[in-house]
Amino acid sequence: MNDFDFYKSESIADAVEKISNHTDSRFIAGGTNLIDLLKYNLLRVSSLVDVNSIKNQSVTEKDGLVLLNAFATNAETAYHPIIEQRYPLLSKAILAGASAQIRNMATNGGNLLQRTRCYYFYDANTPCNKREPGSGCSAINGYNRNLAILGTSEHCIAIFPSDMCVALSALNATVCVTGSEGERRIPFSAFHRLPDDTPELDNNLLPNELITSIELPAKGFEKNYSYLKLRDRNSYAFALVSVATAMELENDTIKEIRIALGGVASKPWRVQEAEDFLQEKAPTRENFSLAAEIILQDAKGFEFNTFKIELAKRAIIRNCLMALNPSSQLPGAQPSA
Amino acid sequence: MSIKPLIGQPISRLEGHLKVTGAAKYAGEYNVSDLLYGYVVNSTITKGKIISMNSDEIKKIPGIIEIFTHENRPSLAWFDMQYSDMDAPPGSPFRPLHKPEIKYNGQPIALIVAETFELARYAASLLKAVYKEEKFSTHLQANLSKARKPQPGLATMLKPPPPKEKGNVDLAINAAAFTAKGDFTHGTEHHNPLELFATTTVYEGKGKVTIYDKTQGTINCQLYVGNVFGLHFKDVRVISPYVGGAFGAGLRPQYQLFLSVMAALELKRNVRVTLDRSQMFTFGHRPPTIQKTTFGSDVNGKITSLYHEAIGETSLHEDYTETVVNWAPMLYPSPNSKMEYNLVPLDVFTPIDMRAPGGCTGLHAIESTIDDLAHQAKIDPIKFRLINYADRDESVNRPYSSKELRACFIQGAEKFGWENRNPEPRSMRRGNKLVGYGMATGVWESMILPARAEAILTTEGRLIVKSAVTDIGTGTLTVMSQIAADELGLPLSMVSFEYGDSKMPFAPIQGGSFTVSTVGSAIKVAGEAMRKKLLKIAQRLPNSAFKGAELDNVVFQNGFIRLRLNLSKEISIKDLILANGGKPIKTKNFNVPNLLKLKKHSRAAHSAAFVEVEVDEELGIINVTRAVTAVAAGKIINPKTARSQILGGMVWSISKALREETISDHQFGKYMNQNLGEYHIPVHADIHDLDVIFVEEKDEIVNELGSKGIGEIGLVGMPPAIANAIFNATGKRINEFPIHFDKLL
Ligand SMILES: Cc1cc2nc3c(=O)[nH]c(=O)nc-3n(C[C@H](O)[C@H](O)[C@H](O)COP(=O)(O)OP(=O)(O)OC[C@H]3O[C@@H](n4cnc5c(N)ncnc54)[C@H](O)[C@@H]3O)c2cc1C
Ligand code: SF4
Numbered sequence: 001m002n003d004f005d006f007y008k009s010e011s012i013a014d015a016v017e018k019i020s021n022h023t024d025s026r027f028i029a030g031g032t033n034l035i036d037l038l039k040y041n042l043l044r045v046s047s048l049v050d051v052n053s054i055k056n057q058s059v060t061e062k063d064g065l066v067l068l069n070a071f072a073t074n075a076e077t078a079y080h081p082i083i084e085q086r087y088p089l090l091s092k093a094i095l096a097g098a099s100a101q102i103r104n105m106a107t108n109g110g111n112l113l114q115r116t117r118c119y120y121f122y123d124a125n126t127p128c129n130k131r132e133p134g135s136g137c138s139a140i141n142g143y144n145r146n147l148a149i150l151g152t153s154e155h156c157i158a159i160f161p162s163d164m165c166v167a168l169s170a171l172n173a174t175v176c177v178t179g180s181e182g183e184r185r186i187p188f189s190a191f192h193r194l195p196d197d198t199p200e201l202d203n204n205l206l207p208n209e210l211i212t213s214i215e216l217p218a219k220g221f222e223k224n225y226s227y228l229k230l231r232d233r234n235s236y237a238f239a240l241v242s243v244a245t246a247m248e249l250e251n252d253t254i255k256e257i258r259i260a261l262g263g264v265a266s267k268p269w270r271v272q273e274a275e276d277f278l279q280e281k282a283p284t285r286e287n288f289s290l291a292a293e294i295i296l297q298d299a300k301g302f303e304f305n306t307f308k309i310e311l312a313k314r315a316i317i318r319n320c321l322m323a324l325n326p327s328s329q330l331p332g333a334q335p336s337a
Numbered sequence: 001m002s003i004k005p006l007i008g009q010p011i012s013r014l015e016g017h018l019k020v021t022g023a024a025k026y027a028g029e030y031n032v033s034d035l036l037y038g039y040v041v042n043s044t045i046t047k048g049k050i051i052s053m054n055s056d057e058i059k060k061i062p063g064i065i066e067i068f069t070h071e072n073r074p075s076l077a078w079f080d081m082q083y084s085d086m087d088a089p090p091g092s093p094f095r096p097l098h099k100p101e102i103k104y105n106g107q108p109i110a111l112i113v114a115e116t117f118e119l120a121r122y123a124a125s126l127l128k129a130v131y132k133e134e135k136f137s138t139h140l141q142a143n144l145s146k147a148r149k150p151q152p153g154l155a156t157m158l159k160p161p162p163p164k165e166k167g168n169v170d171l172a173i174n175a176a177a178f179t180a181k182g183d184f185t186h187g188t189e190h191h192n193p194l195e196l197f198a199t200t201t202v203y204e205g206k207g208k209v210t211i212y213d214k215t216q217g218t219i220n221c222q223l224y225v226g227n228v229f230g231l232h233f234k235d236v237r238v239i240s241p242y243v244g245g246a247f248g249a250g251l252r253p254q255y256q257l258f259l260s261v262m263a264a265l266e267l268k269r270n271v272r273v274t275l276d277r278s279q280m281f282t283f284g285h286r287p288p289t290i291q292k293t294t295f296g297s298d299v300n301g302k303i304t305s306l307y308h309e310a311i312g313e314t315s316l317h318e319d320y321t322e323t324v325v326n327w328a329p330m331l332y333p334s335p336n337s338k339m340e341y342n343l344v345p346l347d348v349f350t351p352i353d354m355r356a357p358g359g360c361t362g363l364h365a366i367e368s369t370i371d372d373l374a375h376q377a378k379i380d381p382i383k384f385r386l387i388n389y390a391d392r393d394e395s396v397n398r399p400y401s402s403k404e405l406r407a408c409f410i411q412g413a414e415k416f417g418w419e420n421r422n423p424e425p426r427s428m429r430r431g432n433k434l435v436g437y438g439m440a441t442g443v444w445e446s447m448i449l450p451a452r453a454e455a456i457l458t459t460e461g462r463l464i465v466k467s468a469v470t471d472i473g474t475g476t477l478t479v480m481s482q483i484a485a486d487e488l489g490l491p492l493s494m495v496s497f498e499y500g501d502s503k504m505p506f507a508p509i510q511g512g513s514f515t516v517s518t519v520g521s522a523i524k525v526a527g528e529a530m531r532k533k534l535l536k537i538a539q540r541l542p543n544s545a546f547k548g549a550e551l552d553n554v555v556f557q558n559g560f561i562r563l564r565l566n567l568s569k570e571i572s573i574k575d576l577i578l579a580n581g582g583k584p585i586k587t588k589n590f591n592v593p594n595l596l597k598l599k600k601h602s603r604a605a606h607s608a609a610f611v612e613v614e615v616d617e618e619l620g621i622i623n624v625t626r627a628v629t630a631v632a633a634g635k636i637i638n639p640k641t642a643r644s645q646i647l648g649g650m651v652w653s654i655s656k657a658l659r660e661e662t663i664s665d666h667q668f669g670k671y672m673n674q675n676l677g678e679y680h681i682p683v684h685a686d687i688h689d690l691d692v693i694f695v696e697e698k699d700e701i702v703n704e705l706g707s708k709g710i711g712e713i714g715l716v717g718m719p720p721a722i723a724n725a726i727f728n729a730t731g732k733r734i735n736e737f738p739i740h741f742d743k744l745l
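As you go down the protein sequences, you meet chains A and B in turn.
Taken in order, the first sequence gives residues 1 to 337; the numbers are from the UniProt record's numbering.
Taken in order, the second sequence gives residues 1 to 745; the numbers are from the UniProt record's numbering.
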């Protein structure tokens with residue numbers, strides 16, 4: 001890690017101005033990902049702009065919509081009564097991530113911008129297109145158990161590792177940002193990117209843009225929801241596959257359903273065709289299983305991760321069934337008994 | 001009045017308070033004045049040669065004191081042998097910064113010494129080497145054709161070669177009623193103790209150093225430093241009272257010790273070198289191992305044939321071996337047996353003992369194959385083991401000094417509820433989870449090494465006992481204090497154990513569960529010498545009631561010596577010291593175990609592990625929901641620290657079977673998951689109901705204490721018991737550790 005300047009910002013405008021006035025500068029929120037990148041020498045900055053003191057109320061309601069403050073911690077958000085009651089899916093997904101200590105530091109804005117966990121990305125001595133465009137991808141023919149099966153390109157097969165974002169995707173959230181050009185609203189589905197031939201770009205946020213809040217539509221699916229996370233240990237491990245299901249039932253048929261997958265692509269994965277297929281259908285194992293086939297139809301495995309295709313299908317079925325009875329969910333997004 | 005012996009009491013760790021309050025100092029925490037900080041730069045290639053480095057440029061950064069590389073390091077001991085240590089396998093030890101040649105990925109190539117740690121670390125990120133790369137081989141499976149016999153050497157004493165072939169296994173297998181075979185794969189693992197490896201070297205003036213080191217052997221490091229740097233042993237003092245885990249990684253002097261001492265001597269300054277977590281992946285590790293088994297039995301389940309082969313990884317410069325294949329004939333008598341053990345040398349650092357080395361690798365293969373054989377013969381796994389119970393150790397044809405394994409089976413099975421097991425795989429369920437019960441036997445040899453101990457009785461009647469031994473978190477301080485106190489019938493408050501310092505009397509490295517046996521026995525010998533001296537003084541007193549009494553005729557209780565048959569005849573220890581001219585009384589003894597006598601018996605601790613798993617039928621997720629380990633290890637000196645040892649072994653068993661793996665990339669010849677976020681060890685949510693039983697076991701042969709030592713014995717049996725429980729739950733035998741849940745999809 002090199003020496004750098006450190007600025008505290010007092011307001012959104014102040015933060016955007018400070019970052020625009022400095023080259024090689026980054027915002028720092030919880031620092032749980034950024035500091036690691038600095039320590040591994042994957043990133044060198046000349047200055048950091050601290051956004052932690054901008055924080056207002058962590059969660060606010062406005063005209064039925066709910067705003068998550070970008071600078072609030074993951075823990076504050078997950079345990080906020082509005083989130084627990086109206087958006088329990090989001091609460092569950094956040095609490096399935098990282099560890100209590102990390103969630104106490106990590107912020108909502110930072111969570112959207114955490115980098116992949118591909119081992120080669122973190123090892124500056126191996127080729128990696130995401131870290132160093134054009135250098136090659138070590139993972140395609142290397143260790144890729146924890147990498148993607150959907151939306152990959154020949155240049156990168158990394159995943160986006162967030163749990164929170166899988167729920168935000170299912171909830172159709174909107175990301176609100178402010179840059180030197182003013183404010184923008186980015187629908188969640190358009191926020192993260194597929195690798196294509198620019199794997200260095202994880203998302204569509206412009207340099208110097210600050211995430212200020214995340215807006216949740218009024219509909220929270222608090223009656224039928226479930227988050228399931230499958231990983232190599234029961235806590236403190238990234239998802240190999242995770243599923244967020246948000247469902248609305250009417251007269252024993254599915255009025256609306258959203259199914260988002262984590263751990264399988266460079267963004268939370270949703271397939272409209274599968275969700276449409278389930279509409280007006282009975283919430284049965286058979287129907288969920290057919291939907292799972294649709295969601296995974298384009299999946300492609302690599303040497304160590306082909307199992308994810310079958311695992312994802314089974315996880316979708318199980319999670320949709322658990323959504324019918326959310327009280328069956330165990331803490332930590334463990335599969336219910 | 002008689003006082004209760006302290007041996008056998010569940011006494012809490014004496015240093016516990018210091019540790020949990022942060023008052024206990026570890027090697028990297030001695031903040032001596034004028035300290036310089038070293039940071040190591042590691043090779044980024046796996047094999048080749050350094051052509052050049054930009055050290056001159058980096059040296060110009062203000063605050064950088066020196067950069068040591070192979071080009072400017074001081075000239076040191078000439079002979080390889082002088083880099084050797086107590087745990088060095090046959091071959092030539094690694095010499096840091098010796099030559100420009102790179103032998104493995106992550107090899108230290110430079111030490112940057114700076115005014116601050118942060119500056120040294122930053123400079124390390126700027127130091128670049130230009131290499132000439134060569135082709136390398138790091139993949140065990142791809143190089144099995146290179147397997148060859150290990151070179152014999154001193155290490156063979158503690159790690160005997162496989163026993164001789166008996167009968168003809170091929171013929172016996174053809175004739176067997178039931179046969180079970182398996183191919184077992186274990187990957188590389190790294191010890192990853194919580195405490196980082198660190199050395200703080202205090203420069204005491206010409207040729208003299210005091211070293212705070214993270215190690216499992218103070219004298220081992222003292223001798224190494226003396227030999228390598230040509231210093232008088234008495235001028236090298238190595239201190240290491242608290243060790244934040246080591247798991248074997250501290251059995252040999254690690255390179256930060258060399259680098260810290262070298263820099264201190266060259267710069268004539270105090271220097272600390274701390275390795276970071278990823279650098280813990282740049283020295284010894286548990287070697288990957290491939291095993292094959294073929295066991296056969298007759299119709300009644302009596303074993304007729306045992307074949308067990310293992311191929312392990314080693315480095316190109318040393319032949320590290322483990323005892324992997326010797327255990328089956330020790331546990332199961334068989335007229336035909338063949339065991340083979342070979343090594344494949346690769347471009348890696350030399351492996352080093354790690355948590356139950358060899359045993360927890362070999363017993364996985366053995367105990368899973370036995371489980372398979374029992375399953376085929378339709379005999380309950382415990383009954384099967386009883387049919388094949390060894391009252392003698394047939395691998396060397398000697399009786400056991402003691403062996404209460406049978407009691408482990410009975411008491412363990414009862415506590416666990418083994419009778420509720422349905423032997424049919426996939427027959428027990430809980431909701432959508434399959435439930436499986438599995439068990440396995442564990443065994444670990446009880447070793448004893450020579451050691452010295454000193455006892456001093458102060459003028460206040462306090463007993464001080466000294467040994468250079470470390471306490472790697474096992475409870476050594478507490479247990480040795482208990483042993484010492486009982487020698488003179490003193491309460492714990494009157495005893496101090498001084499340890500973790502090479503200035504103290506000789507103790508070997510701490511590992512292999514032989515510390516209680518080795519150092520405890522030395523303390524007993526010193527204690528007995530002290531009692532003799534005290535009795536002599538008592539006898540010299542005018543009108544002594546002790547005239548003519550032998551040591552057996554007296555007792556030491558609470559600061560008094562008394563006649564056993566007339567306890568009212570007593571003299572206080574304080575009076576004896578007065579009679580000694582008011583001078584402290586000292587004894588110093590070397591305990592050399594009587595190997596000729598010991599060798600008449602096989603000496604081993606045993607255990608039986610019982611495990612319940614739940615496997616999600618649809619998703620494969622595995623949970624060890626319950627486990628019981630019953631241990632027969634002779635006298636248990638302290639049931640509390642002993643239980644903690646076994647619980648620790650049980651957690652590491654879950655780790656071994658289900659979690660832990662170093663991910664290697666053979667395109668680059670390097671380890672990829674060099675941090676605790678990605679090197680998975682169990683978290684709280686992985687650990688459920690664990691229970692420990694110690695069965696009664698009397699042993700008058702193993703050592704003076706009748707205690708076999710515990711540690712590894714908690715980790716040898718449970719990993720296969722987990723694999724066997726998974727088989728019972730799912731009908732699938734997964735022989736590759738760790739067992740990933742997706743294998744059960
Ligand atoms: C060991 C470990 C395990 C983890 N496990 C999980 C897990 O299982 N599931 C999971 O979901 N996550 C996991 N995480 C990731 C964790 O959730 C993220 O690191 C965290 O959410 C990032 O938030 P932060 O505030 O600390 O971001 P920082 O580290 O401060 O910043 C991350 C990036 O975002 C930028 N940034 C931060 N805030 C803003 C903003 N408001 N606007 C614009 N840019 C911004 C920074 O410049 C930086 O580039 C884990 C992390 C660690 C270290
Ligand atoms: S998968 Fe992406 S992040 Fe990983 S090595 Fe390839 S390019 Fe880099």
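Don't take each hint at face value.
With a Cα cut of at most 30 Å, we get these calculated DSSO-like pairs of lysine-lysine [as the list claims (entries may be wrong)]:
| id | chain 1 | residue 1 | chain 2 | residue 2 |
| --- | --- | --- | --- | --- |
| 1 | B | 166 | B | 149 |
| 2 | B | 743 | A | 313 |
| 3 | A | 39 | B | 597 |
| 4 | A | 313 | B | 732 |
| 5 | B | 60 | A | 39 |
| 6 | A | 39 | B | 743 |
| 7 | B | 132 | A | 39 |
| 8 | B | 166 | B | 586 |
| 9 | A | 39 | B | 149 |
| 10 | B | 60 | B | 19 |
| 11 | B | 302 | B | 128 |
| 12 | B | 533 | B | 574 |
| 13 | A | 39 | B | 302 |
| 14 | B | 600 | B | 149 |
| 15 | B | 415 | B | 635 |
| 16 | B | 600 | A | 300 |
| 17 | B | 128 | A | 39 |
| 18 | B | 383 | B | 732 |
| 19 | B | 149 | B | 99 |
| 20 | B | 166 | A | 39 |
Hint data in this document are derived by calculation from the structure and do not stem from the laboratory.
Comparing the hints with the structure gives:
1. B/166 x B/149: holds, 19 Å
2. B/743 x A/313: The given pair, whose Cα atoms are some 16 Å apart, holds under the 30 Å limit.
3. A/39 x B/597: violated, 57 Å
4. A/313 x B/732: Distance of about 22 Å is within 30 Å: holds.
5. B/60 x A/39: This hinted pair holds, its Cα atoms lying about 22 Å apart.
6. A/39 x B/743: This hinted pair is violated, its Cα atoms lying about 36 Å apart.
7. B/132 x A/39: holds, 28 Å
8. B/166 x B/586: With a Cα-Cα distance of about 53 Å, the restraint between residue 166 of chain B and residue 586 of chain B is violated, given a limit of 30 Å.
9. A/39 x B/149: Violated, because 44 Å separates the two Cα atoms, which is more than 30 Å.
10. B/60 x B/19: With a Cα-Cα distance of about 41 Å, the restraint between residue 60 of chain B and residue 19 of chain B is violated, given a limit of 30 Å.
11. B/302 x B/128: Roughly 63 Å between the alpha carbons, so the hint for residue 302 of chain B and residue 128 of chain B is violated.
12. B/533 x B/574: Answer holds: residue 533 of chain B to residue 574 of chain B is near 14 Å, not above 30 Å.
13. A/39 x B/302: violated, 60 Å
14. B/600 x B/149: With Cα atoms ~28 Å apart, residue 600 of chain B and residue 149 of chain B stay inside 30 Å; holds.
15. B/415 x B/635: holds, 21 Å
16. B/600 x A/300: Outside the cut-off at roughly 62 Å; violated.
17. B/128 x A/39: Given pair residue 128 of chain B, residue 39 of chain A holds - Cα atoms ~17 Å apart, limit 30 Å.
18. B/383 x B/732: holds, 22 Å
19. B/149 x B/99: Judged against 30 Å, a Cα distance of about 29 Å means the pair holds.
20. B/166 x A/39: violated, 58 Å
Hints 3, 6, 8, 9, 10, 11, 13, 16 and 20 from the list above are not met by this structure, while the remaining hints are.
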